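J.: Sequence:
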Amino acid sequence: MLSKASLYISYNAFAIALGSFQFGLHLGEMNSPENVVSCRTESPISGILPSCVSMTTSSYAFATAIFAIGGLLGALMGPCLVRMGRKTTLLFNTIPGILGPLLMALAINPGMLTTGRLISGVQSGLAMAIVPQYLSEITPKKWTGPVGLVPQLSCVLGILFTQALALGLSNVPGWRIIFSLGGFIQLTQSILLIWAIESPLYYYETGSKKKAEQTLKVFLDHQEASSVIDAWDASGNNSIKPRPSLEDIWHAVYDWRKAFAVISLLMLGQQLCGINVVIFYSTTTLNGLLGSFSKYLSVIISIVNLFATLLMALFSNRIGRKIPLLHSVFGMTACSALMCFGIVKGIGALTAIAAVAFVASFGVGLGPMPFPMAVEVVNGAAVVGNIAPSFGVAVNLLATFVIAYIFPPLREKLGGYVFIIFVVIGVMIFVLFALFVPETSKKQNAGEIWTRSDGTLMITAAANIVSGDKNDNCHIEKKSTNTSESA
178 MLSKASLYIS
188 YNAFAIALGS
198 FQFGLHLGEM
208 NSPENVVSCR
218 TESPISGILP
228 SCVSMTTSSY
238 AFATAIFAIG
248 GLLGALMGPC
258 LVRMGRKTTL
268 LFNTIPGILG
278 PLLMALAINP
288 GMLTTGRLIS
298 GVQSGLAMAI
308 VPQYLSEITP
318 KKWTGPVGLV
328 PQLSCVLGIL
338 FTQALALGLS
348 NVPGWRIIFS
358 LGGFIQLTQS
368 ILLIWAIESP
378 LYYYETGSKK
388 KAEQTLKVFL
398 DHQEASSVID
408 AWDASGNNSI
418 KPRPSLEDIW
428 HAVYDWRKAF
438 AVISLLMLGQ
448 QLCGINVVIF
458 YSTTTLNGLL
468 GSFSKYLSVI
478 ISIVNLFATL
488 LMALFSNRIG
498 RKIPLLHSVF
508 GMTACSALMC
518 FGIVKGIGAL
528 TAIAAVAFVA
538 SFGVGLGPMP
548 FPMAVEVVNG
558 AAVVGNIAPS
568 FGVAVNLLAT
578 FVIAYIFPPL
588 REKLGGYVFI
598 IFVVIGVMIF
608 VLFALFVPET
618 SKKQNAGEIW
628 TRSDGTLMIT
638 AAANIVSGDK
648 NDNCHIEKKS
658 TNTSESA
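Sequential numbering of the sequence shown, starting at 178, is according to the working numbering.
Don't read these hints as lab results, they were simulated from the structure.
Small disclaimer: the values here were computed from a predicted structure and weren't measured.
All C-beta atoms in this analysis are idealised placements derived from N, C-alpha and C, irrespective of residue type, glycine included.
Certain hints may be false.
Subject to a maximum C-alpha distance of 25 Å in a straight line, what follows is the list of computed BS3-like cross-link-like pairs (lysine-lysine) [as the list claims (entries may be wrong)]:
no., residue 1, residue 2
1, 620, 499
2, 388, 319
3, 619, 499
4, 394, 181
5, 499, 388
6, 620, 319
7, 435, 620
8, 181, 319
9, 590, 522
10, 522, 620
Simulated restraints, written as ranges between beta carbons of each label pair [to be verified]:
no., residue 1, residue 2, range
11, 357, 400, 46 to 56 Å
12, 468, 608, 30 to 40 Å
13, 288, 407, 29 to 39 Å
14, 434, 630, 16 to 26 Å
15, 187, 410, 21 to 31 Å
16, 231, 468, 17 to 27 Å
17, 523, 477, 12 to 22 Å
Can you make the complete structure from the sequences, with help from the hints?
T.: Structural data, given as structure tokens:
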């Protein structure tokens with residue numbers, strides 16, 4: 178039987194993770210109903226609103242991809258808004274979270290649909306920048322592995338939810354119902370967040386030490402909570418910190434440039450391996466080969482993605498992060514080659530199996546790992562700790578925009594050979610991950626992550642961060658002279 182603290186953490190994790198659930202919902206909502214929405218199939222007149230929005234392949238691809246630009250804007254807003262508090266930031270997200278789906282559901286022209294998609298992207302980008310950080314700051318150390326994968330797991334659930342509903346709602350006026358769902362999810366999250374806890378670290382950093390300790394005692398016993406506060410006191414963080422200047426931020430980012438390079442590599446790798454080609458366009462890409470089965474395959478793919486991600490959530494603490502990441506990239510690369518062969522040769526069964534295996538490979542590594550790793554590689558760094566998650570989301574979404582926008586015309590010109598591009602990229606990503614991405618699992622903070630086996634440091638700035646075994650969710654800073662920035 179779960180303890181009261183465990184139940185409360187679970188409640189908070191559920192309420193917070195609805196933000197990334199919406200991200201997944203918006204990722205998948207444009208896939209199956211594409212032909213109905215863009216007037217490529219015969220549809221009856223639906224009353225006050227038009228039955229469809231006349232759009233070319235290019236304009237529909239732009240509306241799909243513009244979500245990533247909105248996400249980029251939301252991610253960049255994250256470091257500014259997070260100063261109001263993690264909980265308050267997610268409550269602020271109610272505005273774009275409802276307005277975007279409302280515009281999409283009521284769209285009467287491409288501009289209205291695209292604008293709604295852009296605003297929904299702002300909500301999703303802000304949520305994905307805040308949710309991993311928020312969860313990490315309210316989670317005891319023993320839960321960090323499974324809870325660290327909650328954002329990706331909830332994102333996958335969102336994709337599955339919208340793909341399953343699309344089986345029965347890819348019609349008139351069903352597509353408008355699909356597009357409206359994000360607003361209802363956002364409203365639900367905003368209500369649940371009323372009873373959620375604020376980050377204890379946020380309270381502490383803003384001078385509310387008593388509130389911080391009271392919040393810690395919700396999920397830690399009295400002694401553990403006191404140990405965390407003592408550790409924060411010892412780190413010299415017991416006063417309200419002035420807002421860092423642009424020069425301070427620049428110097429901090431430069432000092433942590435290797436960590437930011439790893440974050441960029443993780444996020445680019447996740448998108449450039451081609452996952453959103455399958456999420457956004459699997460139905461239309463495979464329709465010519467698989468016919469009406471392609472929309473059912475989209476649901477099967479989402480289910481496999483869910484179970485693969487859930488499997489990693491259960492075993493992530495045991496097997497680490499880097500090994501699954503490498504296996505994931507290898508599997509996706511091999512499956513891209515098989516999809517290319519299957520489409521070119523017209524082998525439907527092979528293509529379908531390869532597509533499912535492609536997403537399964539993504540779910541066991543490249544899907545759930547990059548976002549928590551982006552937080553972990555700077556865990557404990559005073560200035561860049563708040564910047565890195567938003568930076569990672571921004572890089573991820575820029576890559577998403579590029580892939581989402583250029584894939585349809587590339588598919589029209591190259592056919593199945595388009596997947597050769599992802600084979601080449603996959604090989605490059607595998608090599609770069611193997612050489613430059615550090616293991617972050619079971620490391621207390623960035624100081625441990627960037628310390629070599631001989632005790633020297635790969636990042637000089639990490640000298641101020643050392644582990645404290647008695648703490649949960651705390652940063653202890655101490656001077657160290659054993660540093661080296663050589664690779």
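J.: Need the status of pair residue 620, residue 319: alpha-carbon distance at most 25 Å?
T.: Status holds; Cα separation ~12 Å.
J.: Is residue 388 close enough to residue 319, meaning Cα to Cα at most 25 Å?
T.: holds, 23 Å
J.: Is residue 590 within 25 Å of residue 522, Cα to Cα?
T.: holds, 17 Å
J.: Does the hinted range 21 to 31 Å hold for residue 187 and residue 410 at CB?
T.: Holds, at about 30 Å.
J.: Compare the distance between the alpha carbons of residue 394 and residue 181 with 25 Å, and conclude whether the hinted pair is satisfied.
T.: holds, 12 Å
J.: Between residue 357 and residue 400, does the C-beta distance stay in 46 to 56 Å?
T.: holds, 49 Å
J.: Given a hinted range of 30 to 40 Å, is it respected by the beta-carbon distance of residue 468 and residue 608?
T.: holds, 38 Å
J.: Please work out if residue 499 and residue 388 have their alpha carbons no farther apart than 25 Å.
T.: Violated, at roughly 37 Å.
J.: Is it true that the CA of residue 619 sits at most 25 Å from the CA of residue 499?
T.: Given that 25 Å is the threshold and the Cα spacing comes to 12 Å, the pair holds.
J.: Please check whether residue 231 and residue 468 have a Cβ separation lying inside 17 to 27 Å.
T.: holds, 25 Å
J.: Does the Cβ distance between residue 523 and residue 477 fall inside 12 to 22 Å?
T.: holds, 20 Å
J.: Decide if the proposed pair is consistent with the structure: residue 620 and residue 499, CA atoms, cutoff 25 Å inclusive.
T.: holds, 13 Å
Comparing the model with each earlier hint shows violations of hints 5, 10, 13; every other hint is respected.
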